[in-house]
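Since the structure of chain A is already known, use the hints to place chain B on it.
There are 2 protein chains.
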Amino acid sequence: MANSERSGNAIAHVYRGTFVHSTQQTAVQILEDALLGVNTQGKIAFIGEGKELQRLSQTFGFSTSEVTQLAKHEFFIPGMIDTHIHASQYSYAGTALELPLLQWLNTYTFPVESRFKDLEFAHKVYTQVVKRTLRNGTTTACYFATIHTDASLLLGQIANAFGQRALVGKVCMDRNNSVKHYKETSQESQDETYRFIKELSKKEYPLVKPVVTPRFAPSCTEALLVQLGAIAKNNNLHIQSHISENTEELKLVQELFPNSESYTDVYHKCNLLTDKTVMAHGCHLSDKELALFRETGASLSHCPNSNISLCSGVLDVRNVLNHKVKLGLGTDVAGGYSSSMLDSVRRALDSSKVLKIQNPDHETLTFEEVFRLATLGGSQALSLDDQTGNFEVGKDFDALRVNVAASDGPIDLIQHEEPKILLEKFLNLGDDRNIVEVFVAGRKVVPFTEPTSA
Amino acid sequence: MANSERSGNAIAHVYRGTFVHSTQQTAVQILEDALLGVNTQGKIAFIGEGKELQRLSQTFGFSTSEVTQLAKHEFFIPGMIDTHIHASQYSYAGTALELPLLQWLNTYTFPVESRFKDLEFAHKVYTQVVKRTLRNGTTTACYFATIHTDASLLLGQIANAFGQRALVGKVCMDRNNSVKHYKETSQESQDETYRFIKELSKKEYPLVKPVVTPRFAPSCTEALLVQLGAIAKNNNLHIQSHISENTEELKLVQELFPNSESYTDVYHKCNLLTDKTVMAHGCHLSDKELALFRETGASLSHCPNSNISLCSGVLDVRNVLNHKVKLGLGTDVAGGYSSSMLDSVRRALDSSKVLKIQNPDHETLTFEEVFRLATLGGSQALSLDDQTGNFEVGKDFDALRVNVAASDGPIDLIQHEEPKILLEKFLNLGDDRNIVEVFVAGRKVVPFTEPTSA
Numbered sequence: 001m002a003n004s005e006r007s008g009n010a011i012a013h014v015y016r017g018t019f020v021h022s023t024q025q026t027a028v029q030i031l032e033d034a035l036l037g038v039n040t041q042g043k044i045a046f047i048g049e050g051k052e053l054q055r056l057s058q059t060f061g062f063s064t065s066e067v068t069q070l071a072k073h074e075f076f077i078p079g080m081i082d083t084h085i086h087a088s089q090y091s092y093a094g095t096a097l098e099l100p101l102l103q104w105l106n107t108y109t110f111p112v113e114s115r116f117k118d119l120e121f122a123h124k125v126y127t128q129v130v131k132r133t134l135r136n137g138t139t140t141a142c143y144f145a146t147i148h149t150d151a152s153l154l155l156g157q158i159a160n161a162f163g164q165r166a167l168v169g170k171v172c173m174d175r176n177n178s179v180k181h182y183k184e185t186s187q188e189s190q191d192e193t194y195r196f197i198k199e200l201s202k203k204e205y206p207l208v209k210p211v212v213t214p215r216f217a218p219s220c221t222e223a224l225l226v227q228l229g230a231i232a233k234n235n236n237l238h239i240q241s242h243i244s245e246n247t248e249e250l251k252l253v254q255e256l257f258p259n260s261e262s263y264t265d266v267y268h269k270c271n272l273l274t275d276k277t278v279m280a281h282g283c284h285l286s287d288k289e290l291a292l293f294r295e296t297g298a299s300l301s302h303c304p305n306s307n308i309s310l311c312s313g314v315l316d317v318r319n320v321l322n323h324k325v326k327l328g329l330g331t332d333v334a335g336g337y338s339s340s341m342l343d344s345v346r347r348a349l350d351s352s353k354v355l356k357i358q359n360p361d362h363e364t365l366t367f368e369e370v371f372r373l374a375t376l377g378g379s380q381a382l383s384l385d386d387q388t389g390n391f392e393v394g395k396d397f398d399a400l401r402v403n404v405a406a407s408d409g410p411i412d413l414i415q416h417e418e419p420k421i422l423l424e425k426f427l428n429l430g431d432d433r434n435i436v437e438v439f440v441a442g443r444k445v446v447p448f449t450e451p452t453s454a
Numbered sequence: 001m002a003n004s005e006r007s008g009n010a011i012a013h014v015y016r017g018t019f020v021h022s023t024q025q026t027a028v029q030i031l032e033d034a035l036l037g038v039n040t041q042g043k044i045a046f047i048g049e050g051k052e053l054q055r056l057s058q059t060f061g062f063s064t065s066e067v068t069q070l071a072k073h074e075f076f077i078p079g080m081i082d083t084h085i086h087a088s089q090y091s092y093a094g095t096a097l098e099l100p101l102l103q104w105l106n107t108y109t110f111p112v113e114s115r116f117k118d119l120e121f122a123h124k125v126y127t128q129v130v131k132r133t134l135r136n137g138t139t140t141a142c143y144f145a146t147i148h149t150d151a152s153l154l155l156g157q158i159a160n161a162f163g164q165r166a167l168v169g170k171v172c173m174d175r176n177n178s179v180k181h182y183k184e185t186s187q188e189s190q191d192e193t194y195r196f197i198k199e200l201s202k203k204e205y206p207l208v209k210p211v212v213t214p215r216f217a218p219s220c221t222e223a224l225l226v227q228l229g230a231i232a233k234n235n236n237l238h239i240q241s242h243i244s245e246n247t248e249e250l251k252l253v254q255e256l257f258p259n260s261e262s263y264t265d266v267y268h269k270c271n272l273l274t275d276k277t278v279m280a281h282g283c284h285l286s287d288k289e290l291a292l293f294r295e296t297g298a299s300l301s302h303c304p305n306s307n308i309s310l311c312s313g314v315l316d317v318r319n320v321l322n323h324k325v326k327l328g329l330g331t332d333v334a335g336g337y338s339s340s341m342l343d344s345v346r347r348a349l350d351s352s353k354v355l356k357i358q359n360p361d362h363e364t365l366t367f368e369e370v371f372r373l374a375t376l377g378g379s380q381a382l383s384l385d386d387q388t389g390n391f392e393v394g395k396d397f398d399a400l401r402v403n404v405a406a407s408d409g410p411i412d413l414i415q416h417e418e419p420k421i422l423l424e425k426f427l428n429l430g431d432d433r434n435i436v437e438v439f440v441a442g443r444k445v446v447p448f449t450e451p452t453s454a
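So the sequences go chain by chain: A and B. Taking this note's numbering, the leading residue of the first sequence gets 1, the next gets one more, and so forth. Taking this note's numbering, the leading residue of the second sequence gets 1, the next gets one more, and so forth.
There's no promise every hint is true.
Claimed, not checked - Derived coverage of chain B by chain A (criterion: at least 3 residues anywhere in the stretch with Cβ under 8 Å from a Cβ of chain A; other residues may be distant):
| hint | stretch |
| --- | --- |
| 1 | 88–94 |
| 2 | 309–322 |
| 3 | 351–365 |
| 4 | 403–413 |
To be clear, the hints were calculated from the coordinates, so they are not data collected in a lab. Bear in mind that the values here come from a model prediction, so they are computed numbers and not experimental data. C-beta atoms are modelled at their ideal positions from N, C-alpha and C, and glycine is treated no differently.
Just chain A, with the same shape it has in the complex (with noise of 0.2 Å):
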């Protein structure tokens, strides 16, 4: 039996420690003293309790002697996924907060991402983001960039130099009338689709690859989605846009798309809508729409901050969660102003609790649920969840060694407290103070060591 579990790859860690994380079953599943072992290819090898050192040891051929252990206030969680945000955006993140949707596009955004057929500006902010949201505690990203395809393979040569898992998305559209020499023509646009992906695919970075990305209905015309669509199916790639983020933008994919029956019809009948598609918002989704989502798994990013700051509506998770429709946690920088998941956690958990001021009968997200939405449910929404999203075995390691109690951190401790307790005060308080160690795929990518490349 030693052989057989030897036969895989040999242990290249292994930690000794408190771990959380959330199961299907369990929000919060807290496992203390327990022994992970990940292996050289980055993957969980095993995950034990700590009484059983001496059997693992054998079992899995490392010495005891080279076990990491966890301090007082440490634990480990699964790296948390941001299931939408614009790395093109970043540079005026935490400004231009003070107009809708439609007009916010116009005034700040296009004119923005327009510069990014600038390779070097390009190279800076995609530098700034990646880094960022590593230290944040971001292991997969899933990105949009901007319609220029060389400046959206930096994003991905960046992303993987610092070894961040990542979707990135050339953004497609072929419809635009307030920023002059921000669109392309339908046939730029799926010509460009075709170079990304396949330049991208050249690369072979493990952990970053392309997805299919209309902005949204507003900015592509039908023949430019039911070409994406094609291309996706015909790639197997995943998918993302924008579905329902505001109510004037309702009204102009109605007026824009009059034989569609709804906004998420509008994606369906151009095979938009997969198992491997991701969608942002979807604040104003009615129930059927909701039932066309979890009929084609297709998944919903909820982007609390960008949805409040913009005050595009107030998503009701809780009846996208009872409708089984995969839900995942999105900072959507710039709508959004930070890049920090902590903070679409915290924003996740206030927007509920105004649906509940709003209507005393609403059932309120716990933080345990949301803790499980920014990191199993994030990698549900991805379909990466035979990857990543919590510590099962024969997942990739993607880990925050998070301490409470760092010091010059965000966070004062009185007296020890229980690891639920820590956790909460963690969501709740912490920041990137208290990411101690970052882990995506076995590979430490926080702190920095320079890379290679990029």
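Showing chain B alone in chain A's frame:
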């Protein structure tokens, strides 16, 4: 003329750079390349333009070589004013947020507060909260302590030692059925309030003053409220309490005070609404009650994190401002989980935007207005605007030296930005790492130097 201008105190420090503050007329006034002089009493002696350096140095008798020049990306803002914070609840900040107010008080708050008869515990928690809030840029705090006089005096001693401007309240409550040991008789409450005022005043702390603190109407008999109103009047003291936080509380107050027309009327009848009164929350006040606030000069402390976290309600700040009621912001630790006024600023904006989502005609607060609430508004709400709140000659120099680009801080800049953009980035994304120095009455209190006592 030079002599008469010199006849005040000598200049201790002169700063040159960007100063950002609020006035009654302008929510955000930006003074670029300004010169500000602080005298040996810690008061602002002059504000002028950089080009006036020679003249000012002659007039005020300082050497031009001693001027401290702010760096690029740095600016001064007035110290922030937390108009409502429970120092005694800091130990569980960031936890225990799943119950509504009255259940939350009985389950979490009263048991913890009852521990403050232990002065060692009190010393630990109060030292943490004073240091933490100073680091976060709170130069003035209006504190609730507990019913324990000696522990409350200790809070005053610690605030004084670290140099924070503070109003400190020994809590009064002669009604509490949930936690046996945590209440006083009416006589004890009066006697101990007298003792607290007398002993704290005897210390002659320059910046720490007592505030008469009935917990809130449901915790006090009418007899006690009347006594406390008289004590405040006879000693010309500040008053703080809570009002109209959640709807269950409203009903309870109606039951307990059947002869009062409204919650506000309960306090008004007991002479507890004065121009030195600050009441926390007020989420559910009627326009008639707001008019009574306006008439009496009493103010409100808006605590948006707490109101959302405990699902209490959403204060319509615009309506309060339209009624010309004085208003500041509060963290309300630990109903609010964050002790940072920057969080309070963000949640105030969120709350305003949530009201906009519910009602498109709602006029949202701007970040400039919320900045004013956190500084000048707070000083007015606490009737301390003769001493602090903005950069006016004659006021104390309570200020934060902000570096938006602090190394290892949370903000990335891609290009040169104008001061207003830097302010917005700081308010939305900054934290204590961006607050590189904190001054109260001219004294640098952060970074910490070890206090001489406490």
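These are the hints, each one checked on the structure:
{"no.": "1", "hint": "88–94", "in the structure": "holds (count 4)"}
{"no.": "2", "hint": "309–322", "in the structure": "holds (count 5)"}
{"no.": "3", "hint": "351–365", "in the structure": "holds (count 6)"}
{"no.": "4", "hint": "403–413", "in the structure": "holds (count 3)"}
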